[in-house]
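Chains as they are written, first to last, in our numbering: chain S, 266 to 588; chain L, 266 to 588.
Heads up, a few of these hints could be off.
Which copy? The list can't say, so a pair holds if one copy fits it or any two copies do.
[Unchecked claim] Quick list of in silico lysine-lysine cross-link-like pairs, DSBU-like style, CA-CA up to 35 Å: (1) K320 - K442; (2) K272 - K320; (3) K560 - K372; (4) K548 - K560; (5) K361 - K562; (6) K560 - K485; (7) K372 - K553; (8) K560 - K442; (9) K442 - K474; (10) K361 - K548.
These are calculated hints, taken from the structure and not from any lab test.
Computed from a predicted structure; not experimentally measured.
Given next are the chains, with one letter for each unit.
Protein chains: 2
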Amino acid sequence: MVTEIEKNLVIGIDIGGTGTKIGVVDARGDILARDEGIATRAYSTFDAYIDDVYKAITRLITATDSEGLIRGIGVGAPDSNYYTGNIEHAFNLPWKGVLPLAQMLSKKSGIPVRVTNDANAAAIGEMTYGTAKGMKDFIVLTLGTGVGSGIVINGHLVYGCDGFAGELGHVTMVRGKEGRLCGCGRYGCLEAYCSATGVARTAMEMLEKINEPSLLRNIKEITSRDVYEAARNNDKLAREIFEFTGNMLGEAIADFIAFSSPEAIILFGGLTRAGEYLLSPIKRSVDKNILHTFKGKSKILISQLKDSDAAILGASALAWELN
Amino acid sequence: MVTEIEKNLVIGIDIGGTGTKIGVVDARGDILARDEGIATRAYSTFDAYIDDVYKAITRLITATDSEGLIRGIGVGAPDSNYYTGNIEHAFNLPWKGVLPLAQMLSKKSGIPVRVTNDANAAAIGEMTYGTAKGMKDFIVLTLGTGVGSGIVINGHLVYGCDGFAGELGHVTMVRGKEGRLCGCGRYGCLEAYCSATGVARTAMEMLEKINEPSLLRNIKEITSRDVYEAARNNDKLAREIFEFTGNMLGEAIADFIAFSSPEAIILFGGLTRAGEYLLSPIKRSVDKNILHTFKGKSKILISQLKDSDAAILGASALAWELN
């Protein structure tokens, strides 16, 4: 027998700078149908983009025979505001200004829409379907092209007074002009060191500074993936790069714990594929840098959500909060 | 006519390393009667101390004719745990180990007791009677002998998974061993620079490093108050000391805003007597260091609670949360 609750479904939409992913998701976190065919960059107007997103939604609802069962639509989008439902001046999207995403999509579909940025969506995803199930206080750090964060306190995501809280990629780790220039225009941000691109920059810097053989010397445009592959092949320099990255992440995490004393810090995103090469130095560094009061209290975990599903799941989880 | 709500009263107790302050407080934040005669340090056992605290409470209840009207007792105490009601291994108190404060006091008095540290109490006090009335997201920084903090998110104080969240005095501002040794045993904490004692240390360092006349050169054991007096008397070095302190506080606050995007940061405690000497460089520094997303959104305010009342009011505010 299918109960009423089991029949409820939600839609998750992940709007990335390159592509858009859409999925119909059930309460267990199974993706019943998905569409990953919309190329965000291909649309010159936001109206045309929303039209095609709506068409894809309609096709997915038909394919899953879920007309009338969709409880809500959750969207993860860069620079989006949970309170207003707007995307506001996103750097990575082709359309400028303030885009009334939630309003346009709910008007078209007749389904309520809730919006937040991808890191916040990831945190709600972890709480609904993932590693943070049952946790009331935790922080998700997304280690991808940039560093993002979603902070949960007392079982609720922290949006702050403006809907944009939780920009932990932009706390300052190296003060003054010795700090690396960050994409945000400031110097020394965590993101400039501990994102995938930050790791590549560290590789470049170390190769120049340290006179030591390394597999990385043969590669033209080093990526964090190359560093991982080299580390797996016992490359000393590659391991030092993760050591450096993990050490700084640990310093930052020790400060974050002093703020909200979370049960866990959950790491998410491409860089976590480095596994223990990254996790071990992070744990050592947290342990070394943390205030005695908090020693050993917060777990450092890697997200267990499947990479290919995580973005849709995170966004969809937002929709369960809708009444 | 006195309504039922107006007849409700609470008791606030502030346990400091030196003295203990107790007051009966009404819903408007008026202290109807107070006792500041208990010298915390004078008691060799916690039992004897609690006995005398209880006696003082009884006297105050009699004096205010409020038998049966006391809704709860709120206590601000160092290293105290909101969840358990215990004081745990407090450095600044004469008794060691875990002290079941809430349990002992509620058993004796028959009144429910709630406990937290003084900075958290200050934040609840600001929300109940002070500058933060009506705010749902703000951070109180207490700038006294140490630096403490109370963080409010979505209208609730942040206690974290263990009851000890909000130790913003111990985020690291200067990394590595160049950082000043902090009372917590670590290096470079905000508290080691931006507390009253931190300001005195800065004064000593600057007097040694900078070859410049200053009123401070005539003083043997410089306090933050001396620095303030000198600044008022146009002492250039004294003003540079506040400039340095405010600049670092601004850097730290910019990071805190990236975490929770609060409506306001409220400064509290002895150091705030420096007024604009401190506030101006803080505001300039926040503005310089903040991520563009948050620019101009969070107010930087000085607490308006009367110094002599603030500790009792903060503690008492905890008790209004009791049912």
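- Report the numbers of all earlier hints that the structure fails to satisfy, in ascending order. 1, 6 and 7
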